[in-house]
Amino acid sequence: MSIGLGIAGFGIVFFSSVLMLGLAFLHRKKPSVFRDIPAFTRLRQAVGLVVEDGSRLHVSLGHGALTTPQSASALAGLALLHRLANLTSAGDQPPISTSGDATLAILSQDTLQAAARTSERANFDPTAGRLTGLTPFSYAAGAIPAIRDENVSANVLMGNFGVEVALLTDAAESENSFVLAGSDNLVAQAVIYATAQEPLIGEEVYAAGAYSEAGPLHTASLSVQDVLRWLIIAAILVGALLTLAGVL
Amino acid sequence: MNRRNIPSLIIIISTAIAMASGFLVLGGYFFAQNTNGQASLLSDIRLTLLNWAIILAGFAIFIGIINLSQVHFKKIQNKQKGAFYSLLLIVSLAATFLFGLFKPGQVEIVFTTVQLPVEASLMALLAITLTYASIRLLRRRLNLLSVIFLVTALLILLGTAPLPFVGDIPGLSDWVRPFIAQVMAAAGARGILIGVALGTLTTGLRILFGADRPYGGNK
Chain A
1 MSIGLGIAGF GIVFFSSVLM LGLAFLHRKK PSVFRDIPAF TRLRQAVGLV VEDGSRLHVS
61 LGHGALTTPQ SASALAGLAL LHRLANLTSA GDQPPISTSG DATLAILSQD TLQAAARTSE
121 RANFDPTAGR LTGLTPFSYA AGAIPAIRDE NVSANVLMGN FGVEVALLTD AAESENSFVL
181 AGSDNLVAQA VIYATAQEPL IGEEVYAAGA YSEAGPLHTA SLSVQDVLRW LIIAAILVGA
241 LLTLAGVL
Chain B
1001 MNRRNIPSLI IIISTAIAMA SGFLVLGGYF FAQNTNGQAS LLSDIRLTLL NWAIILAGFA
1061 IFIGIINLSQ VHFKKIQNKQ KGAFYSLLLI VSLAATFLFG LFKPGQVEIV FTTVQLPVEA
1121 SLMALLAITL TYASIRLLRR RLNLLSVIFL VTALLILLGT APLPFVGDIP GLSDWVRPFI
1181 AQVMAAAGAR GILIGVALGT LTTGLRILFG ADRPYGGNK
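Chains A and B, in that order, are what the protein sequence lines are.
Following the working numbering, the numbering of the first sequence begins with 1 at its first residue and continues without gaps.
Following the working numbering, the numbering of the second sequence begins with 1001 at its first residue and continues without gaps.
Read the hints as simulated data drawn from the structure, not as lab findings.
Treat each hint with caution, since some may be false.
Claimed, not checked - Ranges of calculated distance between the beta carbons of each label pair, as one might list FRET restraints:
no., chain 1, residue 1, chain 2, residue 2, range
1, B, Leu1138, A, Thr41, 36 to 44 Å
2, A, Asp149, B, Asp1174, 44 to 52 Å
3, A, Arg229, B, Ala1185, 17 to 25 Å
4, A, Ala245, B, Arg1141, 43 to 51 Å
5, B, Ile1109, A, Arg229, 44 to 52 Å
6, A, Asn123, B, Gly1210, 22 to 30 Å
7, B, Ile1076, A, Ile232, 36 to 44 Å
8, A, Gly54, B, Leu1172, 48 to 56 Å
Stated by the list, open to error - To give an idea of the interface, some chain B residues facing chain A are shown, with a C-beta separation under 8 Å as derived from the structure:
no., residue
9, Ala1057
10, Ser1092
11, Thr1200
Heads up, the beta-carbon is just placed ideally off N, CA and C, and yes, glycines get one too.
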């Protein structure tokens, strides 16, 4: 990367960081107001039902390896897993997590173990966070039995998926269980829109933490995204106008 | 030191290490070169840390396979539903491991003769699943967006696959399909990708600041 591009990139990250920390500090005591995303409202209801009827929550984190840029959506999924594991800690059965990448499986075990510690659950079962396969289809094939055979009533599929996500949503639907699904992959988003009960499109995946009241930095990160989005829109419009004027 | 404080201390140390590694890798990415054009110290540190991460990820696969075996052993032990398939998995895992051990050069045969055909079959199954799901979409979510989604999918299919005896449909194949795919869908996809990129940036920042800690236990 050239020095100029590096400085520009650093500038964007620095500006976003300062904005995020500043907004988190300023709004730390104010109640958050968001636009309504029905999927998150229904997720809260589904989580309530999981606790009431003694069934299980299943969170699937996809197969985005942690050393690749595709890991961001899985990390957002992990943050949601942590929140949901805490919310369901009063339930009879701990949540389970499936993933198609070994590093994600280890992190999901750690997240579930932390939630078990917080809830003072007697035993943590290391097989609750599991690797189901190392290729996209073997991962999906391995996750389907978890959806079908483990008394799961709510599924959250959040991470990097491909078209194989349809197999998971179909398995969940055939069990009449709740499905909320989101991915950073465009093809998977189209498939999710057609097959999932509650699809998340685009950056909605990254808003899960803020909607589940995970903390002021989550809320601030949504505002930062909005500010950056407006700046990009302004840059596109200025670029188009300059192109029209023959300057660019 | 009080033993109760040890988990908190572990969390503090792991968070500090993760944050420092994150900032160093980010710094090494943005300031990769010195003014004389040579690789900077930060860039060298970034490469070293990434190499360590790759080695750890490789070792994580080994742990992941142990975890996979544990899950399926437990299923067999408890005679849970699908225990036979778990047994099949363990036997296949052991057979592939032994095959790789004794015939290291030919282990690809297992993938080309078993894994690939099975995954291709799943892909075929997926085509049916998607068709059925598209039909059910209107029953599940009857709104304008679902109708647009289905009409677009239909137009793209008709414009892409030539009909028997008719061939390409005039107007649809040469104008409507390219317009939808290259103008409308491309514009929408770019918008979504910009949103995803912004989400990725803020997720990364939250992890750098230690707000999300998928390591060392969130507390």
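Checked hints:
1. Leu1138/B x Thr41/A: 36 to 44 Å: 23 Å, violated
2. Asp149/A x Asp1174/B: 44 to 52 Å: 50 Å, holds
3. Arg229/A x Ala1185/B: 17 to 25 Å: 20 Å, holds
4. Ala245/A x Arg1141/B: 43 to 51 Å: Given a distance of about 44 Å, which is inside 43 to 51 Å, the answer is holds.
5. Ile1109/B x Arg229/A: 44 to 52 Å: 50 Å, holds
6. Asn123/A x Gly1210/B: 22 to 30 Å: 29 Å, holds
7. Ile1076/B x Ile232/A: 36 to 44 Å: 53 Å, violated
8. Gly54/A x Leu1172/B: 48 to 56 Å: Between Gly54/A and Leu1172/B, where Cβ atoms are some 54 Å apart, the hint holds.
9. Ala1057: With a closest approach of 5 Å, the Ala1057/B hint holds.
10. Ser1092: Hint violated; Ser1092/B Cβ to chain A Cβ min 11 Å, cut 8 Å.
11. Thr1200: 4 Å, holds
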